[in-house]
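Please work from the sequences and hints to get the whole structure.
Here the protein sequences come in this chain order: A and W. Going by my numbering, the residue at position 81 of the first sequence is 81; the numbering climbs one at a time, nothing skipped. Going by my numbering, the residue at position 287 of the second sequence is 287; the numbering climbs one at a time, nothing skipped.
Just so you know, these hints were derived from the structure itself, not from any lab. Quick caveat: nothing in here was measured; it's all calculated off a predicted structure.
Here are the simulated lysine-lysine pairs, DSS-like style, with alpha carbons at most 27 angstroms apart:
1) W/K106 with W/K136
2) W/K55 with W/K68
3) W/K334 with W/K475
4) W/K136 with W/K34
5) A/K225 with W/K312
6) W/K428 with W/K334
7) W/K15 with W/K451
8) W/K68 with W/K409
9) W/K312 with W/K334
10) W/K55 with A/K46
11) W/K80 with A/K46
12) W/K34 with A/K31
13) W/K34 with A/K46
14) W/K475 with W/K428
15) W/K55 with W/K136
16) W/K68 with W/K80
17) W/K136 with A/K46
18) W/K55 with W/K409
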Amino acid sequence: MNALNSFLFVAFPYVAVMVFIVGVAYRYRQKGFTVSSLSSQFLEGKQLFWGTIPFHFGVLVVFVGHLTAFLLPRATLAWNSIPLRLIVLEVTAFIFGLSMLIGLVALMYRRFSNARIRAVTTPMDVVLELLLLAQVVLGCWIALGFRWGSSWFAADLTPYLWSLVRLSPETAAVFALPWVIKLHIVGAFALILIVPFSRLVHFVVAPLNYIVRPYQQVMWNWDRKTIRDPNTPWSEARPRNN
Amino acid sequence: MDVRSQISMVFHLDKCIGCHTCSIACKNIWTDRKGAEYMWWNNVETKPGTGYPGKWENQDIYQGGWQKNGKGIELKGAGKPKSLTNIFHNPNMPVIDDYYEPFTYKYLDLIESPPGDDQPTARPISMITGEPMDIKMGPNWDDDLSGSPDYARNDPNLANLTPAEREAMFQLERMAFFYLPRICNHCLNPACVASCPSGAIYKRGEDGIVLINQSVCRGWRMCVTACPYKKTYYNWSTGKSEKCILCFPRIESGQAPACMHSCVGRIRYLGVMLYDADGIEAVASADDADVVDRQMDMILDPFDPEVIASAKANGLADSTIAAAQASPAYKFVKVWDLALPLHPEYRTLPMLFYVPPLLPVVASVTEVDNEEQAKKMNPVGKVWPDSWLYDTTTKELFGTIDDARFPLKYMANLFSAGDTTQVSDRLKKLMAVRLHRRQITVGDLAESTVKEALADTGLTPQTADDIYYLTSLAKFDDRFVIPAAHREQAIEMMEFTGDVRGSTGFGFENDTAKRGA
Ligand code: SF4
Ligand code: SF4
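What follows is the structure, encoded as structure tokens:
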């Protein structure tokens, strides 16, 4: 039992994160052509709306929630010290979790019932959706059955995660958790693991740069200010694009 | 002055015969692939008609292009706030049914069916699902269907015509149409570039070709919405967007784009134009009434020493400047003022130009007594009780351009943001050239009529002959004038060519995307 626990909560997280970093960097740099959101809105747009919108906004909020408890555990606990605030936080998180669940089910229904979408479905899509479904169901279950998640995450899990970051794993607290929560943790690392091998990679390339860049982009293959200068033509100077 | 060069095409619409050779040439080279079957980077539409994708000109549906917003402009259906908030689901995106579901036939059934009582048939099957399907739509299904209720009468350009004007266009005896070949306009203020959240789309500085970097595109599909001409397409298989590349590999090696090279009617002209990039934003935000004129003003005179000096300072090669001076596009667009951009009111400053068609406008049908003629015909011909003559004689037509078969308003909606004088000015010139040549070759017109026509339009007999030459007699080398690309030299000079051996040419450098992976 202990060996299994050590594998799942010490070895596996390290493997998952390493594969994530190396895999994403490799795919981004060497195989840019394969990095895409692989949207299927072009083949079916109406049903998609009822799946993708609740799912993605659910993911955004739930993800930010987990991240906050990980990065700012003290603030989270302080916020939760007043019961009303705790309830507000938990209810909000749960609603967005449910929204994720509803969206995901709608997306899966669409994927299997629409012939065009089936035509662009790969086995990895199915694996990913099943994994996500398990993860969301477990998450909602935990939120209902093991209260209050935001508090014990910040108190128990955050130290464990940070101990992983510091390369000196402290696992006693995790080993003692109920199996539902354990599964949820393993599922989370499994998701991280498959990012470089699945369409999930699109979240890494979220186009935030768009906010700051100018609308128009013009590119030169040479530095046009120096190319006609007899002293510098075809020099080492790289073009300054835009 | 920020002088840049643009490779620009002119379409002489009077010469287009609607044969779709251009579309097929393009398809064979570039889009005969999975996920791209439905794409027609070059397509030819019958006007009036709804086009491809259906009613693409109706921006209330497709939300493409720029719109005025106070003093400046903003993207209508995309742009920074909208592209980011609509990234999970883009409400303004066309779906495949707006184009058509690509299909093929089960030809093998014709060969492999077992012997039986019935002829085997090749059923149509979808190229997406592989399932049998009923074909409902194709890329040119409004071909030659002017007057039809489904297509011609739904043309968005008819919006501000009076019911009487519309009826006049569609009476069976008076019906007329013309063809409109379309490719990406390689705009100066491209909406596709501006809408791309990943920054994958860019305009090449040297020649103005607008391209999508396939390794940077992430399939956010905002360009499909933003391009008002619907000339970026989403590849449903690779999850990347694609568009007309103006055959840049051909241009770089000195060949004409495939659509132009194959054009049966020889309607296309390709050449360099110099323009002042400083003015782009101001011109794109001009009032509807001014936008055509101001775009024309941006195009610079390649003989002006000042322009040449700034062009050189900006790194333009001598060969580019020389090409701009010999450019057929520059002649049609600027010197002779004969061509207009398509839908300038979308404010992308399109850099492809159209010489508006004269024939559907001026030719008329008159009732004539055909009895004598009918007697000479064989019996089959005689039962055709036709007393209508499609009259293209030119004597009186010069005065009647305004009450022509095709309301000028319709042409103006297409080519000049509704300004009919822009169109009629150009049509009058074309007419004057015709009168001038008719006087020379047929000689049945009074010299004074011709003189008056030329004077009216400000043409000299010499210019009229030049226009006639480039329109009717021009050889390939007159119609296609581009400089050496210099791009290939740039790569050779900046890098050791040995380093890039095996990395250029046909084929994918990387694996193609796998769905889901
Ligand atoms: S026509 Fe459309 S795709 Fe082409 S440059 Fe203009 S906006 Fe972009
Ligand atoms: S090949 Fe030329 S003539 Fe034929 S449809 Fe295309 S543009 Fe028109």
